[in-house]
Amino acid sequence: MKKRTHRGRIWVLLDRNGKLIEDIDTDQIYHNAFLHITEVSEMGKHALGNLEGWKDFAGKAAPGDILVAGRNFGAGSSRQQAVDCFIALKIGAILTPSFASIYFRNAVNSGLPVLKSARIEHLVAGSKLESGDEVDVDFLSGRALNVSKGVSFEVEPMGVVQREIFEAGNLFAFGRSLDRRD
Amino acid sequence: MGKTIIEKIIQAHTRDEARAGRIVWMNLDIRSARDFGGPNVVKHYEREYGDSPLADRTKIFFTFDLCAPACLLRYADNQQACRDFALKHGIKVYDVDQGIGTHVLMEEGLAQPNSTVVGTDSHMNILGAVGSFGQGMGDVDIAFAFRTGRTWFEVPETVNVVIKGALKKPVSAKDLTLFLVRELGTKRLALKAAEFYGDAVAGLSLAGRLTLCSMITEMAGIIGFIPEHNNAAGKEIENFAGAPFSPFAADKDASYAETIELNIQGLPPQVAVPPSPTNVRPVAELRGVRINSGFIGSCTNGRTEDVAAAARILKGRKVKAGVMLKVVPATRRVYQELLAKGILQDLFESGAIIVNPGCGGCAEGHVGLTGKGEVQISTGNRNFAGKQGKGETYLASPAVVAASCVAGQIASPEDL
Ligand code: SF4
Numbered sequence: 001m002k003k004r005t006h007r008g009r010i011w012v013l014l015d016r017n018g019k020l021i022e023d024i025d026t027d028q029i030y031h032n033a034f035l036h037i038t039e040v041s042e043m044g045k046h047a048l049g050n051l052e053g054w055k056d057f058a059g060k061a062a063p064g065d066i067l068v069a070g071r072n073f074g075a076g077s078s079r080q081q082a083v084d085c086f087i088a089l090k091i092g093a094i095l096t097p098s099f100a101s102i103y104f105r106n107a108v109n110s111g112l113p114v115l116k117s118a119r120i121e122h123l124v125a126g127s128k129l130e131s132g133d134e135v136d137v138d139f140l141s142g143r144a145l146n147v148s149k150g151v152s153f154e155v156e157p158m159g160v161v162q163r164e165i166f167e168a169g170n171l172f173a174f175g176r177s178l179d180r181r182d
Numbered sequence: 183m184g185k186t187i188i189e190k191i192i193q194a195h196t197r198d199e200a201r202a203g204r205i206v207w208m209n210l211d212i213r214s215a216r217d218f219g220g221p222n223v224v225k226h227y228e229r230e231y232g233d234s235p236l237a238d239r240t241k242i243f244f245t246f247d248l249c250a251p252a253c254l255l256r257y258a259d260n261q262q263a264c265r266d267f268a269l270k271h272g273i274k275v276y277d278v279d280q281g282i283g284t285h286v287l288m289e290e291g292l293a294q295p296n297s298t299v300v301g302t303d304s305h306m307n308i309l310g311a312v313g314s315f316g317q318g319m320g321d322v323d324i325a326f327a328f329r330t331g332r333t334w335f336e337v338p339e340t341v342n343v344v345i346k347g348a349l350k351k352p353v354s355a356k357d358l359t360l361f362l363v364r365e366l367g368t369k370r371l372a373l374k375a376a377e378f379y380g381d382a383v384a385g386l387s388l389a390g391r392l393t394l395c396s397m398i399t400e401m402a403g404i405i406g407f408i409p410e411h412n413n414a415a416g417k418e419i420e421n422f423a424g425a426p427f428s429p430f431a432a433d434k435d436a437s438y439a440e441t442i443e444l445n446i447q448g449l450p451p452q453v454a455v456p457p458s459p460t461n462v463r464p465v466a467e468l469r470g471v472r473i474n475s476g477f478i479g480s481c482t483n484g485r486t487e488d489v490a491a492a493a494r495i496l497k498g499r500k501v502k503a504g505v506m507l508k509v510v511p512a513t514r515r516v517y518q519e520l521l522a523k524g525i526l527q528d529l530f531e532s533g534a535i536i537v538n539p540g541c542g543g544c545a546e547g548h549v550g551l552t553g554k555g556e557v558q559i560s561t562g563n564r565n566f567a568g569k570q571g572k573g574e575t576y577l578a579s580p581a582v583v584a585a586s587c588v589a590g591q592i593a594s595p596e597d598l
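Quick note, the sequences are listed as chains A and B, same order.
Just so we're aligned, residue 1 is where the first sequence starts under the working numbering, counting upward by one.
Just so we're aligned, residue 183 is where the second sequence starts under the working numbering, counting upward by one.
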């Protein structure tokens with residue numbers, strides 16, 4: 001069973017004017033020029049490769065890091081690579097006010113913790129969440145703490161299906177656990 | 183309490199209670215994968231399930247439409263990996279000659295009204311146009327669906343969109359759709375289904391219904407339905423489906439997230455300005471923007487009627503010297519209709535480049551890419567930065583794209 005809490009360094013996806021970037025689409029996360037790749041381990045280097053100001057993200061990110069972005073993250077296509085590139089980099093979680101629907105499913109199915117929090121825009125605007133901060137998140141209770149700044153906040157806890165798939169590892173492993181239960 | 187259309191379709195496919203906000207396990211009728219995503223599905227399947235059989239292989243398809251025929255080695259390899267898998271498991275491939283997967287599934291009568299249809303294409307929800315619950319999914323989901331025939335799904339809330347006023351020719355379904363994208367943005371329908379009511383949408387042809395439903399994705403919605411239809415659209419859908427068209431209607435006491443009323447009376451042709459499909463302005467405000475190329479096609483505007491609308495403007499005229507106009511019919515059937523009607527001849531004589539059916543423009547590996555500094559006007563559905571190359575893409579109706587290609591700058595058909 002996977003750990004229900006995670007602590008990691010955050011990257012807050014800001015644009016040139018210091019604003020949280022909204023509507024980041026899957027071509028910005030993982031460009032269509034690399035859709036031929038089927039090996040997850042080769043996807044990491046393309047993560048955010050078409051997002052202005054963040055094209056060097058793959059080189060900067062470390063395992064366990066947490067991504068913080070604006071609303072409607074993962075808009076656009078259904079490509080799983082836009083999730084799997086973060087799995088390849090061992091990103092610990094993604095926090096945003098909202099995700100595009102297909103993206104959210106893909107992340108859940110791949111076992112990548114994706115968590116929504118209505119507080120994010122406010123916290124980022126008030127400099128209460130900044131790149132480099134250490135953040136603690138409890139996926140099940142929804143309690144989160146910016147350890148670096150001593151600010152606590154809430155995220156939506158994982159739903160039942162999301163939690164079950166996460167705990168099993170991914171959708172395939174979860175499916176096998178269902179077979180055993182039946 | 184009554185149910186919305188999406189609740190009814192999902193309810194017909196689950197033992198759980200299908201009510202907005204609930205997560206249910208849903209049975210999937212048609213499952214498909216295209217040349218992007220498909221090879222990943224194959225890889226997942228073989229790793230996770232080995233030689234285990236698919237759940238009802240007669241309802242599983244590959245549809246190759248992105249890099250068709252493959253013009254890069256890596257896509258040729260990927261497509262062949264899918265073909266080999268298909269042969270081994272006895273499933274049908276709609277190959278690189280057939281055109282856009284969603285349109286092919288519709289034409290082949292596989293996307294039945296009130297059914298569930300999934301595939302590795304974020305515009306699967308275009309099938310709302312024929313009353314089926316189409317949904318794009320990632321390759322993990324689809325591999326799982328190939329094996330099990332089902333998936334989990336959160337039943338979305340529905341927004342009731344009522345459109346007042348009439349469309350006046352040459353203002354088209356695309357202009358109406360771009361107007362809706364502007365008005366509804368990426369927030370009002372986000373993660374929700376929509377039902378569109380009003381004479382203007384009820385009067386749309388099948389091609390027009392497809393145009394509107396295709397851009398729900400750009401509005402961040404789950405799917406859009408147009409519950410009312412005219413006779414011609416109904417007939418066309420019946421011809422494809424091979425059965426009377428009786429889509430579910432919402433119950434009178436169904437509960438909606440909200441009702442939005444919009445008025446389109448007097449709507450002029452619209453253009454979406456890069457880099458966002460929501461950045462929509464009347465064509466008059468963009469008149470004179472120089473263009474290097476035009477694109478007519480895509481799941482949004484690749485039907486016979488769309489190409490014919492462009493051809494009416496191009497007939498007897500010439501594409502401006504120095505402008506490339508690329509025309510990509512949605513499917514082989516469309517291509518054949520265009521041939522039979524002499525429309526391809528008119529396009530050819532105007533100077534257009536006519537390409538075999540497929541997606542085009544949306545990804546590397548097909549026509550419609552733009553170079554740095556290039557300005558393109560397209561009938562497609564997306565113009566995000568970098569999506570079709572380094573150039574800039576404006577989105578418009580087939581008529582506006584055709585007029586612009588004649589003028590060499592963004593223009594309305596009346597300007598010619
Ligand atoms: S035309 Fe473009 S948006 Fe439509 S299905 Fe093909 S790739 Fe997707």
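Bear in mind the hints are in silico, worked out from the structure with no lab data behind them.
Only a predicted model underlies this, so the values are computations on that prediction, with no experimental measurement involved.
The reader is advised that the hints may include incorrect statements.
Claimed, not checked - In the BS3-like style, the derived pairs of lysine-lysine whose C-alpha atoms are separated by at most 25 Å in a straight line are: (1) B:190 with B:241; (2) B:572 with A:116; (3) A:55 with B:572.
Said to hold, decoys possible - Part of the chain A face toward chain B, derived, beta carbon under 8 Å: (4) 25; (5) 31; (6) 177.
As the list claims (entries may be wrong) - Reference listing, derived: stretches of chain A covered by chain B, where coverage requires no fewer than 3 residues with Cβ under 8 Å from a Cβ of chain B: (7) 105-114; (8) 120-134.
Note that beta-carbon positions come from the ideal geometry of N, C-alpha and C, so glycine has one too.
Evaluated hints:
Restraint check for residue 190 (chain B) and residue 241 (chain B): satisfied, since their Cα atoms lie roughly 22 Å apart, inside the 25 Å limit. For the proposed pair residue 572 (chain B) and residue 116 (chain A), the alpha carbon gap of about 32 Å is over 25 Å, so the pair is violated. The straight-line distance between the Cα atoms of residue 55 (chain A) and residue 572 (chain B) is roughly 15 Å, inside the 25 Å bound, and the hint therefore holds. Taking 8 Å as the C-beta contact cut-off toward chain B, the hint placing residue 25 (chain A) at the interface holds, the least distance being around 5 Å.
Annotation: interface hint on residue 31 (chain A) holds; nearest CB of chain B at approximately 7 Å, less than 8 Å. Because the closest C-beta pair between residue 177 (chain A) and chain B is about 13 Å apart, greater than 8 Å, the hint is violated. With 4 residues having a Cβ less than 8 Å from any Cβ of chain B, the segment 105-114 of chain A passes the three-residue criterion, so the hint holds. Here's how the segment 120-134 of chain A fares: 0 of its residues keep a CB closer than 8 Å to some CB of chain B, so the rule of at least three is not met and the hint is violated.
In the structure shown, a violation is registered for the earlier hints numbered 2, 6, 8, in ascending order.
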